[in-house]
Amino acid sequence: MTTAAITAGAGRARRVPRPGVWAATLFLTLVAVAAVAPALLTSGSPDAADALAALQGPGLAHLLGTDANGRDVFTRIVFGAAPSLLAGLGATALGVTAGTALGLLAALGGRVLDEVVMRLVEVVLALPTLLLALLVITVTGPGTVNVIFAIALYTAPGYARLIRAQTMVIRRTGYVEAATSLGLTRGRIVARHVLPNAFAPLLVLATIEVGTALVAAASLSYLGLGPQPPAPEWGAMLAGGRDYFSVAWWIAIFPGVAITLTVLSITVVGRHLRRLSEGRAS
Amino acid sequence: MTEPIVTEPIVEVTGLHVSFGAIDAVRGVSFAVHAGECVAIVGESGSGKSVTARTLLGLTGDGARVRAESFRIEGRDASGYRERQWRAIRGGRIGFVLQDALVSLDALRPVGKEIAETLRLHRDVPGAVSRAETAGRVLELLREVGVPEPELRARQYPHELSGGLRQRALIASAIACHPRLLIADEPTTALDVTVQAQILRLLAERRRRGSGLLLISHDLAVVAELADRVLVMRDGVVVEDGPAARVLRSPGHPYTRRLLAAVPMEHAKGTRLSVAEGETARPIPARPPGEVVIEARDLVRTFGRRTAVDGVSFRLRAGQTLGIVGESGSGKTTTARLVLGLLKPDAGSVEIDGRPWEGLTPAERREIRRHVQVIYQDPLSSFDPRFDVRRILDEALGVGGEPRRTRRDRAVELLEQVGLDASVLDRRPSRLSGGQRQRVAVARALAPRPRVIVCDEPVSALDVSIQAQVLDLLAELQADLGIAYLFISHHLGVVHHVSDHVLVMKDGRVVESGDVRQVFTAPAAGYTRELLAAIPRLDPHPDPHLEDTRPDAPLDVTAPAVRKAS
Amino acid sequence: MTRLVLRRLGTSLLVLWGAVTVSFTALHLTPGDVADALIGNSTVTPEVRARIIADYGLDRPLPVQYVSYLGRVLRGDLGQSYQLHESVASAIGAQLGASAQLVAGALAVAVVVSTTLALLTARRARWIRGLSSGLELIGVSIPTFWTAILLLTVFSFQLGWFPAAGGEGLSGLALPVIAVAIPVTTLLTQMMRENLETVLDEPFVLTARSRGMSDPGVRLRHALRHVLVPAVTLLGWVVGLLLGGMVAVEQIFSRQGIGQLTLAAVIGKDLPVVMGVVLVTALVYVTVNILVDLLYLVIDPRLRGAR
Chain A
1 MTTAAITAGA GRARRVPRPG VWAATLFLTL VAVAAVAPAL LTSGSPDAAD
51 ALAALQGPGL AHLLGTDANG RDVFTRIVFG AAPSLLAGLG ATALGVTAGT
101 ALGLLAALGG RVLDEVVMRL VEVVLALPTL LLALLVITVT GPGTVNVIFA
151 IALYTAPGYA RLIRAQTMVI RRTGYVEAAT SLGLTRGRIV ARHVLPNAFA
201 PLLVLATIEV GTALVAAASL SYLGLGPQPP APEWGAMLAG GRDYFSVAWW
251 IAIFPGVAIT LTVLSITVVG RHLRRLSEGR AS
Chain B
1 MTEPIVTEPI VEVTGLHVSF GAIDAVRGVS FAVHAGECVA IVGESGSGKS
51 VTARTLLGLT GDGARVRAES FRIEGRDASG YRERQWRAIR GGRIGFVLQD
101 ALVSLDALRP VGKEIAETLR LHRDVPGAVS RAETAGRVLE LLREVGVPEP
151 ELRARQYPHE LSGGLRQRAL IASAIACHPR LLIADEPTTA LDVTVQAQIL
201 RLLAERRRRG SGLLLISHDL AVVAELADRV LVMRDGVVVE DGPAARVLRS
251 PGHPYTRRLL AAVPMEHAKG TRLSVAEGET ARPIPARPPG EVVIEARDLV
301 RTFGRRTAVD GVSFRLRAGQ TLGIVGESGS GKTTTARLVL GLLKPDAGSV
351 EIDGRPWEGL TPAERREIRR HVQVIYQDPL SSFDPRFDVR RILDEALGVG
401 GEPRRTRRDR AVELLEQVGL DASVLDRRPS RLSGGQRQRV AVARALAPRP
451 RVIVCDEPVS ALDVSIQAQV LDLLAELQAD LGIAYLFISH HLGVVHHVSD
501 HVLVMKDGRV VESGDVRQVF TAPAAGYTRE LLAAIPRLDP HPDPHLEDTR
551 PDAPLDVTAP AVRKAS
Chain C
1 MTRLVLRRLG TSLLVLWGAV TVSFTALHLT PGDVADALIG NSTVTPEVRA
51 RIIADYGLDR PLPVQYVSYL GRVLRGDLGQ SYQLHESVAS AIGAQLGASA
101 QLVAGALAVA VVVSTTLALL TARRARWIRG LSSGLELIGV SIPTFWTAIL
151 LLTVFSFQLG WFPAAGGEGL SGLALPVIAV AIPVTTLLTQ MMRENLETVL
201 DEPFVLTARS RGMSDPGVRL RHALRHVLVP AVTLLGWVVG LLLGGMVAVE
251 QIFSRQGIGQ LTLAAVIGKD LPVVMGVVLV TALVYVTVNI LVDLLYLVID
301 PRLRGAR
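Chains as they are written, first to last, in the numbering used here: chain A, 1 to 282; chain B, 1 to 566; chain C, 1 to 307.
Calculated directly from the structure, the hints in this document are not laboratory data. Beta carbons are placed, not taken as given, at the ideal position from N, Cα and C, and that holds for glycine. All clues stand as given, with none of them false.
Which chain C residues face chain B? A few, computed with CB under 10 Å, are given here:
#	residue
1	Pro203
2	Phe204
3	Val205
4	Leu206
5	Arg209
6	Ser210
7	Gly217
8	Arg221
9	Leu228
10	Asp300
11	Pro301
12	Arg302
From the structure, some residues in chain A lie toward chain C, with a derived Cβ separation under 10 Å:
#	residue
13	Val139
14	Thr140
15	Gly211
16	Ala218
17	Gly235
18	Thr262
What follows is a set of in silico ranges between Cβ atoms, one per label pair, in the way DEER data are often shown:
#	chain 1	residue 1	chain 2	residue 2	range
19	B	Leu342	A	Pro196	15 to 25 Å
20	B	Asp539	A	Ser277	43 to 53 Å
21	C	Leu135	B	Glu149	48 to 58 Å
22	B	Arg67	A	Pro196	48 to 58 Å
23	C	Leu135	B	Thr302	53 to 63 Å
24	A	Glu115	C	Gly93	31 to 41 Å
25	B	Gln518	A	Glu278	44 to 54 Å
Modelling step: build the complete structure from the supplied sequences, incorporating the hints.
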């Protein structure tokens, strides 16, 4: 009881977001603003080249310096938020949707369907993620949509497996048994108890995984397989700065900071959500 | 080394205080344990009994603050002990046994290695063994605690041993270095009653050989079997302290009286177990048996090669309680699931109100399900974690055909019926206490106005005073509503108290059945007799040895003559 | 136990067969003529083109093509790269060593560092755990390719401690290994620490302490082993992450390896090479996971009896 009381107390304390969670939320809000209305944050244009102002370091005129073409790095980062976020969010949404459909098919569709779907899932999971994406892009060619598709293809099986496992576990829980004993119909039990409880952890995981998908998309862009230049995308900007490491570090460093901070914020917020949902369940 | 005949206590604490942050877990506890003496600390969860025990080993836990007016181990002041000194005490001078050896022994190591670990850690105490002698000593210890085939067992892992053998191995690892004091924290709680009796005998044997014993338990009956002296703890404070015979026979403190009144074994059906201070217990009226609501015929159910239920038949009438009692693996729960229609029998049938589960359409089955409700040992897992009490009851009422607009009133009514009020409606069960949760489970079970409630170990996870309240509630509901109960429990005392008829099960078969009084007073089957003999009783059989070692007896007989080492 | 191994081998074969089927499908999903897809961006004479069509049986019905493709893969023939003018198998073989060094190095660093960190930080003072979990958070969030660039900028260009490109032996391996190891290490540390904290709460730990064992003793002799099952599971999965991470890292550090080979193939649309790499990595993954399953049995006796 004493130890239980202490942990329960800690559980309640965690419901109040820590300062880090607030900072992360604030940063994500800024990124969202940049993605939706970049003009609110910068007056420049991402493609305005100025050969005379090329490779200038961070300063008053150019907050984060300029690249080899004299384009303002800050402005490009602001405009780069949209394609970068879009890739992360799009890939996750697509992956979650497809994964959920497959997972439910396996869990509720009978034994044969379950075997077929799960073997398929296993095959895809056995192929290293990035390499599978590369295979897809070799076939489809580069571009934002193709990157989203490639990432969704390799994340979907993971979600499918989670949804299936969750569903299987929940079907054997006491509360489903209690609902059965009450005389609820099978459809009602699935809709009211199984699905909502299976989804909760999936949505929390998906939040965190937006960050991972964003990094994956940026990696592919960095390798030149995402949006093609001169589109301002964070991964592609990093690639553009690669050749200037020794003379103009800021070109590659700041887009990297943008990616890292965004992913960090997503992870922090996602983990906070997870703690909340776990605190509620136990 | 010669042992003085009159010894100072092995441990002696006065005014012990333990706090975790702002929470005071233990407040002003004092006691002493002598050689050859068994002191028991009894209390419900949160009483501070385990914290007290762990403090004697310097293992109170992270962030604990320990204070005591005096704290002596073997005459030396232990209040300033450093980790190094504690490590010499632990296992060397004081042995420690926890409940449920399955989790208290390292699952990834053979039990022999676990026992050898104690020996390895204490090479410099009197009676220690050398590296070369260790293996032999391990076997000797296993033999000493009554483990057959020690060579084989020492190489086995905890999961390969039965509950009783595991617990013996755990005790062997605790006594390996002949500690003068053995602390046993709920040593038999997870065990079946027959195994529990064996372990209690083993502990009594340790005491007879001169070891001091500090027994921590929630179970007054277990304590009565063994203790010379009893401390009753509640909320960190000792409310009563005295010789076991006195505390258990003529308790001075109202809390002790309430605990004793709550023990179901000693009280016949109809007696109230939970009695508030100053209140006289009104008996709960019995109902005459009504028509047959459940008829089970020759139920058989196998899982793979294992036959879980083998030819079980019974009949349950309205307003009556049929108890099913048996040890783990006896097929009780499978029988319950067959009755609930959650499992299909391989052979035999279950009829609810004369209608068999078999051969019904899904809609008809759902209609019957309403009449047979269930409450579980762990109510929390039977509630959807997203639902608050309102939604839980709303769903159950909806199934019972209650119109939407009257559901709230009906929900409040149900809550009142189970002794809760409307304030819990908006709370999730995870925020309720164990007793409240079980009451909500009962309210849900009542919602569709069932004919029968299957109770699967409904009070096993509850403290004895809460258990008493829930059992009383079930009895009252039966008297008021005429509900029949199929009551499943491993606890013979509980089954004895609640049932009109009982079924004693073993390995899937019914070994004995009949009227509760007849089965419990004049059992026909050998197994039933064995079970009944194994139950620890509040009023233990007189034992000449026990009489001798009471602390209030003359001191010169305290220390037995035989001591193996040190 | 033998049944378990057999079952495991069965599913592994199934997975490999699936991987072959996935590559075959990829080949035929490529827009345009399959022969052109195989040739990619290189130019070939009509004779070569005719030979490709004959080799792959592209003029025959799909099922026949599939069976003959399966047969060739079974014989170890992964096809021909028309851009590299060599067989896919020998192209991959030539690059395998460098990548294996990188992956093995990163794996070793990750295991040693995270085990040490987890043992030292689990259930310690608040600030130690706070610091450690803060670093882990950054570690999992930071993109590997960016870490690689940072390491290169700081340690090679600014400080000049390590060679900027290529570089044989240990000094050339150090920075790429660190870059690849960081995300794996942080994931592993986090998981091991969380699990250790759960294990240290278990009753058997209290029992061990009550025998007089020291806290470090309990961590090393009892708790660590309990953490190994989830840790090994994670490692099996992480191998995939390592193989992916190596692509960008090899490119940034201008190292030889499978990553570079793959990247060049993707950009040059050299489909046979990409397909070959996918099959080889699937084989690696499957092998690693069989080893992981066998390790479970070594670590946890409870799993030996089961199924």
